[in-house]
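Participant: Read in order, the letters of the sequence shown are residues 51 to 470 in our numbering.
To be clear, the hints were calculated from the coordinates, so they are not data collected in a lab.
Glycine included, each C-beta is placed from N, C-alpha and C at the ideal position.
Some clues are possibly wrong.
Unchecked claim - Listed next, with one range per pair, are the computed distances between beta-carbon atoms:
(1) 177 - 343: 47 to 57 Å
(2) 254 - 330: 29 to 39 Å
(3) 253 - 416: 24 to 34 Å
(4) 202 - 253: 18 to 28 Å
(5) 227 - 462: 53 to 63 Å
(6) 419 - 351: 24 to 34 Å
(7) 465 - 308: 18 to 28 Å
(8) 216 - 173: 16 to 26 Å
(9) 185 - 298: 38 to 48 Å
(10) 226 - 409: 42 to 52 Å
(11) 177 - 465: 22 to 32 Å
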Amino acid sequence: ENSSLQKFIDLVERAEKEQTPMQTVIDRLAVKLVPTALLIAIATFVIMVLSKFDLYTSINRAVTVLVVFCPCALFLSTPTAVMASIGQASKHGVIIKTFNALEKLAKVNKIAFDKTGTLTYGKLNVNDIENFSEFSDEKIMSLISSLESKSEHPIAKSVTEYLDKKNIKKENVENFKMKIARGVEGEILGNKYFCGNEKYFKENNINIKDNVKEKIEKYSSEAKNIILFGDEKEVLSIVTLSDTLRENAKEMVENLKNFEIEPLLLTGDNLSTAKYFSEKVGITNVKAELSPEEKFENIKSLKENNVVCMIGDGINDAPALKLADVSVAMGKTGSDISIESANIVLMGHDVSKIVYLKKLANATVKTIKFNIIISLLINFVAVILSVLGVLNPLVGAIVHNLGSILVILNASLLYDRKFN
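Sequences are here, hints too, so could you generate the full structure?
Facilitator: Below, the structure is given as structure tokens:
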């Protein structure tokens, strides 16, 4: 049941049960069309009989109306276009998990990005380890490595990998605790230690001396991620890490602006780092040092007057991804919970595919609308010709099926369409 195959089967079954907003409207319309067809057929029969036509001709025209009026093409207009688009996206390494994601994406006017692993590669490299304690550098690194090795956070993993390469010895950690979007704590050799961001240390009333604050300010101006390490009294060390901006991130943001979409940055990183990267890509609306709850509340607030898309990859992004009108997860670097929470998954790490998705969504909605108009127009003309006796049941059946084929062929064009 946990195999990839079973998950795909579950995904297909879930998609089959879902309906897009347009499909819901079509279903409501169809409920009215069927009795309308019956009434027109009955009215045609009665008028023909009253007009002294023979019984065979009267029945013939009434039946023809019923044959051509069946809204098969209308029913096919939405699911065929959506399925073709899902197939198109899968060829480009994009998994669309819900039928209504494309329709909603076509209406999106705000896209909120997480930073690490989304706008950046998310591969953090350790740059500096500053020691402010009486411990030796090796002792400090041992304590940091011991504590961070218990965490699943990407930053902690980067720190641990770096120190493992230096063959730094680890000590046993007891009473380990993790505070989401803050840091970790635990007891090593009978002493309690903390590792996390500045906010976490302030919440625990740990003293941050002036010389440490100067270092924090310096490294923040260089857009480095800063991890503080200390005991219950004061900061003992600073670890800095740096990330790399994706080379196509700026172009992607500019293209989204051409669609009249406002990009936003919602990140747990400090404000200096967030502003450094946001200025690089051209995002002016920035919210930094956010907890998962604060990201969630920001998306909730945005949704009041906008159609919002959230793009992220971490555990911290999962609540916001679930709440957004449309959500996109980075499949290659993303956590399992963020992928499960998202409507769309980018299987690679090319964030520029967001622009491709927006173009695909717009094309899908246009195709659906065109199919609906064509199917209704064919029905309308065919009914008039049936009432006038131009069509008979056999020709009416051919016209009816030609309408369905036309809708399917038009939808299938999405599958191989090129989006520049």
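Participant: Take the C-beta atom of residue 185 and the C-beta atom of residue 298, compute their distance, and say whether it sits inside 38 to 48 Å.
Facilitator: holds (44 Å)
Participant: Lying within 47 to 57 Å: is that true of the beta-carbon distance residue 177 to residue 343?
Facilitator: Violated - the Cβ-Cβ distance for residue 177 and residue 343, about 30 Å, lies outside 47 to 57 Å.
Participant: Assuming the hint says 53 to 63 Å, is it satisfied by the Cβ distance from residue 227 to residue 462 or not?
Facilitator: holds (55 Å)
Participant: May I ask you to test the hint 29 to 39 Å on the CB atoms belonging to residue 254 and residue 330?
Facilitator: With a Cβ separation near 33 Å, residue 254 and residue 330 satisfy 29 to 39 Å, so the hint holds.
Participant: Would you say the C-beta atoms of residue 226 and residue 409 sit inside 42 to 52 Å of each other?
Facilitator: For residue 226 and residue 409 the Cβ distance comes to about 47 Å; the hint holds.
Participant: Assuming the hint says 24 to 34 Å, is it satisfied by the Cβ distance from residue 419 to residue 351 or not?
Facilitator: Holds, at about 31 Å.
Participant: Would you say the C-beta atoms of residue 177 and residue 465 sit inside 22 to 32 Å of each other?
Facilitator: violated (47 Å)
Participant: Does 18 to 28 Å hold as the CB distance between residue 465 and residue 308, or does it fail?
Facilitator: At 25 Å between Cβs, range holds.
Participant: A range of 18 to 28 Å was offered for this pair. Does it hold for the Cβ distance of residue 202 and residue 253?
Facilitator: Holds, since residue 202 and residue 253 (Cβ atoms, about 21 Å apart) stay within the stated range.
Participant: Kindly confirm whether 24 to 34 Å is satisfied by the beta carbon distance between residue 253 and residue 416.
Facilitator: violated (51 Å)
Participant: Does the Cβ-Cβ separation between residue 216 and residue 173 fall within 16 to 26 Å?
Facilitator: Once the Cβ atoms are compared, 19 Å apart, the range 16 to 26 Å for residue 173 and residue 216 holds.
Checked against the numbered hints given earlier, this structure breaks hints 1, 3 and 11; the rest are met.
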